[in-house]
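Chains as they are written, first to last, in our numbering: chain A, 1 to 109; chain B, 1 to 110.
Since the hints were made in silico from the structure, they are not lab data.
Any given hint might turn out to be false.
[What the hints assert, rightly or not] Restricting the straight-line Cα-Cα distance to at most 20 angstroms, the calculated cross-link-like pairs of lysine to any residue (SDA-like) are:
id	chain 1	residue 1	chain 2	residue 2
1	A	Lys56	B	Glu24
2	B	Lys9	A	Gly41
3	A	Lys42	B	Gly40
4	A	Lys42	B	Glu24
5	B	Lys57	B	Lys9
[Unchecked claim] Among the chain A residues that face chain B by a calculated CB cut under 8 angstroms, a handful are:
id	residue
6	Asn7
7	Ser8
8	Tyr39
9	Ser43
10	Phe49
11	Pro92
12	Phe97
Quantities reported herein were computed from a predicted structural model and do not represent experimental measurements.
C-beta atoms are modelled at their ideal positions from N, C-alpha and C, and glycine is treated no differently.
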Amino acid sequence: QKEVEQNSGPLSVPEGAIASLNCTYSDRGSQSFFWYRQYSGKSPELIMFIYSNGDKEDGRFTAQLNKASQYVSLLIRDSQPSDSATYLCALPARNQFYFGTGTSLTVIP
Amino acid sequence: DGGITQSPKYLFRKEGQNVTLSCEQNLNHDAMYWYRQDPGQGLRLIYYSQIVNDFQKGDIAEGYSVSREKKESFPLTVTSAQKNPTAFYLCAIDRDTEAFFGQGTRLTVV
C-alpha cells in the first residue's frame, strides 16, 4: 500500500469555479501534510501545509485535514487559468518525503 | 540569494555512458534528496543524505550512485546500469520539514 494515494485526474473546471483535489494516506500516525503545485517542465513549489485537523485558509486556497478518515484535500476557489498545473500532496515519514502521483488541473477560460 | 542549483538543465546521454547531475545548495541544510519523476508516476526517491559522508538508498537506487563529501553538494551519477534513465531529476533539501526543490535536470537518452 502506498503512503499517499491521489486521483491523477485530469480535472477540468471552468474559470471562477471551485477545484477540489484529494489525497488519502495510509499511516495513521502521519502529522503533517503538504500541497505542491507543479507547472509543466518546472519543479514543484509549496503552496500549503497543514498539521491540525480541520481547515486552513490562505487566500483562494483551503487545505482540509481529516485524520480520522485519513484524507487531506485542497480547495481552490475562484479558479483562474493560471492555476492550471499538476498538484501533488506529500507527507514526511522515515527520513524522506512521500508524494502522491499528482492531479492534473486545467482551468478553462 | 540562498537556494538550490541544479545543473545542467538539460542533459543528453548516449547508451552505455555514465553522466553526473550536479546539485549545490547554500542554505546550510543537512538533509538532501534526489527524486526521479516520470509522467503519471509522481516523485520517486533515488537516494538521500542526512549528513556529510553518509547517504541511504531510496526506493529506486539501482543504476544510480551518489556522494556527499561536502554539506553543500550532493551529485547524482546515472550509470550505464540504469536501463531507462530518461526522466526529470529533482534535487531537494529538507527546509524545516518542507521539501524545497531545485529547478530540475531533464535527462534524455539519445
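Verification of the hints:
1. This hinted pair does not check out: Lys56 of chain A and Glu24 of chain B have alpha carbons roughly 33 angstroms apart, beyond 20 angstroms.
2. As the CA atoms of Lys9 of chain B and Gly41 of chain A are separated by approximately 11 angstroms, the hinted pair is consistent with the 20 angstroms bound.
3. Taken as a hint, the Lys42 of chain A and Gly40 of chain B pair is honoured in the structure, with Cα atoms around 15 angstroms apart against an allowance of 20 angstroms.
4. About 18 angstroms separates the Cα atoms of Lys42 of chain A and Glu24 of chain B, which keeps this hinted pair within 20 angstroms; it holds.
5. At roughly 24 angstroms between alpha-carbon atoms, Lys57 of chain B and Lys9 of chain B are farther apart than 20 angstroms, so this suggested pair is violated.
6. Here the hint on Asn7 of chain A is broken, as its CB sits about 12 angstroms from the closest CB of chain B, past 8 angstroms.
7. Because the beta carbon of Ser8 of chain A sits about 6 angstroms from the nearest beta carbon in chain B, less than 8 angstroms, this interface hint is met.
8. At a threshold of 8 angstroms, the smallest CB-CB gap from Tyr39 of chain A to chain B is about 11 angstroms, leaving the interface hint violated.
9. Interface hint status for Ser43 of chain A: upheld, as the beta-carbon distance to the closest one in chain B is roughly 4 angstroms, under 8 angstroms.
10. Taking 8 angstroms as the C-beta cut-off, the interface hint given for Phe49 of chain A holds, the closest approach to chain B being about 7 angstroms.
11. A least Cβ separation of about 6 angstroms between Pro92 of chain A and chain B falls short of the 8 angstroms threshold, and the interface hint therefore holds.
12. Interface hint status for Phe97 of chain A: upheld, as the beta-carbon distance to the closest one in chain B is roughly 4 angstroms, under 8 angstroms.
Checked against the numbered hints given earlier, this structure breaks hints 1, 5, 6 and 8; the rest are met.
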